[in-house]
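Colleague: Based on the hints, put chain P in the right spot on chain F.
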Amino acid sequence: MIVATAAGPVTGGRVLRRAVTGQTRYVVPAGLLATGHQAGEALVPVLIGVVVDEAVSTGSTGALFGWLGVLGAVFLGLSTSYRFAARAGERAAEQAAHEIRRELTGRVLAPYGGAETGQLPGALVSVATSDAGRVGAVNMAVTAGIAALAALVTTVVALLTMSVPLGLLILLGAPPVLVAAHLLGRPLQKRSAVEQENAALASGVAADLVAGLRVLKGIGAEPAALARYRVINRRSLAATLRAANAQGWHDGALLGITGVFIAAVALVGARLASQGAISVGDLVAAVGLALFLFNPLSVVAWVNGQLALARASAARVAAVLSAPPAVPAGPAAPDTPVRGELRFDAVEHGPLRIGDLRVAPGELLGVVTADPAAAGLLVRCLARETDPAQGTITLDGVALAGLEPDRVRAVVVTAAHDAVLFDGTVRDNVTAVGGPTAPVDAVLAATRVDEVARGLPAGLDTAVGERGRSLSGGQRQRVALARALAADPPVLVVHDPTTAVDAATENHIAAHLRRLRAGRTTVVVTTSPTLLAVTDRVVLLDAEGGTVSGRHGELVAADKRYAATVLA
Amino acid sequence: MPNVLPIASRAQAVAAVRRLLRPRRALAAGSLAVLTAATAVGMLTPPILGHLVDLVTRGRPVDALTLPAVLLVVVAVVQGVSTAIGIGMLARLGEGMLAELRERFVERALALPLNRVEQAGSGDLTSRVTGDVEVIAEAVRAALPELVRSVLAIGLTLVSLAVLDYRFFVAALLAAPIQALTVRWYLRHSGPLYAAHRLAVGAQQQQLLETVGGAATVRALRLGDQHVDRVTRRSWSAVDLALRAIRLITRFYGRLNLAEYVGLAAVLVAGFLLVRSGEVSIGTATAAALYFHNLFGPVNAALRLVDDAQVAAASLTRLVGVAELPSPADGPARPAPVDGSLKIAEVGYAYQAGHPVIRGVTLEISPGQRVALVGASGAGKTTLAQLVAGIHQPDHGTIMLGGLDLAGLSAAERRRTVAVVTQEVHVFAGPLADDLRLSKVDATDDELRAALAGVGALDWALALPDGLDTVVGDGGHQLSVTQAQQLALARLVLADPKVVVLDEATADAGSAGAKVLERAADRALAGRTALVVAHRLTQAAAADRIVVLDAGRIVETGTHDELTALPDGRYATLWQAWSGSRSRPAEPR
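Which chain is which? The protein sequence lines are F and P, in order. Everything in the first sequence is counted per the working numbering, starting at 2 for the first residue and increasing by one. Everything in the second sequence is counted per the working numbering, starting at 15 for the first residue and increasing by one.
Looking at chain F on its own, in the form it has when it is part of the complex (with noise of 0.2 Å):
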């Protein structure tokens, strides 16, 4: 399943928006059972009141009883709620998250690309983790939001049905002081940001040295190296204690003003209680619901931040699974059956120029550019990653930019000289294209893998690892090359596939790589005159469009700027 073109751009509201709604059998749920919990941590305080009022002052046992028997309940029905709320929120937010990477997975890997245009990848995986995880917490944030209305409506209740003047002095009090605490601590906290990220600094230097040890060592700059790190860790240390005393004088001066707000109602309390005004379990209840009055009204603040990251990280997912595809995806699908004919009309994108260019059906060509960019560019336009600027390259007389890219790539294969293997054994990446006719018994041979297989722990299936790792530069090389050979496609372009393998293994790729291709066409692009004297024809392609072509042997001889560039 690839995600097909979205109907509407895609915005970070609606990436936002749909997170929510995608989870509303979680959500509304989640909320309601929030309020309920919220509810019942507000009545314990009261309860507390309502206990000393009717059983502790009265002596009455039937009461303590009684109202104890009330509290469990409320203590039951917060636990209860509570559980399930918790549950249902985070598996909003977990499931929220999980589909927007799924989506964003999609879109990277659409046939037409263009989503990884400018980004790294390890910005494109932030995306996928950080800010796909950030877009599905506003489950939690709209459910904790929920709660805390419901928690502020109950408290406010609660006091005003007591005493209206402490209600009221209760109500219009907290919100200043959490501002004012709010205020005061703006500055702290803004420095401290500041001062949090240079105190980051000293592990990422740190991580650097780390990943650079070999480098060190390589060169005897160890010490160099500590001394560097104690001045940054000294520094970074500094850093950090500014920040952490900004952080305790924001925390001191928020537990001060608090203090002092309870201290006020109190004082009005007690007043009130001592005229009869309200009773003494009310002062206790009040004292103790101006407390708790802080905490909905934090969670409130929280929700306020925790959306402004929601709606940013959401602007990130947008932009993505609204980028603009590499190519048009054209409807039609090349004729069958490929013949196999390539030919370059006025070709023209940045350094790569093709004036006039034709690769009969079956031909081993190799094609050698003086600008090594122009190669790379070349094996991306037949890839169908990118079109050219002018024009045209046709496949058996089709124009490729008419064609369905998904489709290009079945006839056409590439193997890009930067292909990465995946995670799986050395047999799962060399079949990973080819059929079950696939020459894989021979591709092996004629690659060598047969021969780094031997070599491995468990043979054909040894894990590579992630990105192939746990093999050498060389190894990896000769595993995609085999992965394209056994692919056994009409077309075959394959870029630089042998530059970092053995001369020895060179020589022997080369001689078999005609018989495995034999009637079909191939195109190599490289500069290893190995290679390319095993070809059919070679085109050296000049910065202008020129092409000269003809016999590796003979253009050696004939044309110097191709002996220059083949032989170093």
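Pairwise CB distance ranges (calculated):
{"hint": "1", "chain 1": "P", "residue 1": "Arg36", "chain 2": "F", "residue 2": "Asp462", "range": "49 to 59 Å"}
{"hint": "2", "chain 1": "P", "residue 1": "Ala426", "chain 2": "F", "residue 2": "Ser550", "range": "52 to 62 Å"}
{"hint": "3", "chain 1": "F", "residue 1": "Ala74", "chain 2": "P", "residue 2": "Leu81", "range": "32 to 42 Å"}
Okay, the calculated bits of chain F under chain P, using three or more residues with CB under 8 Å as the criterion:
{"hint": "4", "stretch": "97 to 109"}
{"hint": "5", "stretch": "421 to 427"}
Just so you know, the hints here were simulated from the structure itself, not pulled from any lab data. Backbone N, C-alpha and C define an ideal beta-carbon position, used for all residues, glycine too.
Modeller: What follows is chain P alone, placed relative to chain F:
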């Protein structure tokens, strides 16, 4: 693969923390005292509130209520100020210890023998220095102050309850067994579950990196569906574990709620009985109940932090494991190698017993000579180079460097004499000049420029946005693979060693880059004894002597011209195939 880097035991970790704590005893005691005072002052709030209640019930005049209210204000201000000071002191303690530990870790990591690093892979070290340090830093920054304050609050609240009447304290303790059992039950389940979750998140991250990083390959080979499936599977397994974790956490809090209820009910009953028997006032009973209610927050916080503490402790053992490695003692000063001559005599080496990779290799290289190693993959080129670099010790035979046995040289001596440039490309994050100065700390700007010019890198380096001050590497200006390799060679020039082992694959740089690098290496090696692992035959052709290895043995040796003249010689065959022109004489170099 066995765990190559050590992990400390709990006891060792505790000992290490003690060692870090020792010079900071006064600070530790001071911060604890200040925070205790802050918490203790806060404890005065409920009795003052209780006193207010008493004044009201006793029908005292309204004016009598002012003094307690003023006291409440004083308590709040003192508590705020002392908390701020205490948190600052605690940070100085914790962060100072962490910084020292971090420094020791980096020191020991840098001193690790290379073969150990090769075996372990740099992944383990990197994850310790980033992930584990991060975990501990977070614990020190957030969890430590919260834990200390919570524990102090709990302790002092219990004391206050006891001061009101010891029977309140006894009643409150009824909650403790439930809490203790809950924590034990929770820890039994949470450790493995969180570990599994972290693994699943890591696997998801790796899969995304592989899929997104290889997107062009995925598209070219039409593996899109397969990869969306892989990502979906890994993502879902992480989601599934997160949901299992939240179920565990909610059950944990459910049990703590039960403990809260039991304790609160017991305190209320105690108050009821004590008021009825006239032993305490209603105000005191109220204060006791409020004390207990105030415990909910700190108790939950402290118990929740037990979990963080476990994770931090695990990370600590991984940091201490490396940080407490014995420091490599540089032995007594010995005579330095006299020159860059290299004598390899009858050397043999096997990674696994019975499978020798190098067999009876004998080779003499005079000072300043450049020797290229040629052979198929697996012929032993890189292993031989690593033996000379001192990364591995030969099983048989000796390697003499400037007249001294390599095995007898200390790390520092070897470092000064032999430099290794490998395929690994790393640009150190920071200004370009700082990167270069790693190999010569006191190098002048002119020396840096000369080194860059020597490897043909000065032009692009000066063209960078801020010239040599341009921040490069991770998070800075991205250098191309070719530029990064040139930088490695410039470092080599600055380090100015007598002997160089060069095993750099120029493959990643593409053919054009390879040529630039070969020219750069040529200049960087001038005047030094060099052992070059030849990845391209042009590298071999440029050497003074070529050594062809096959299955760990030397099978041919000679100059380029001598070897190409051998009929059916291995090197000659390779060269002919490579140069692709059997009819033409070999290119002059």
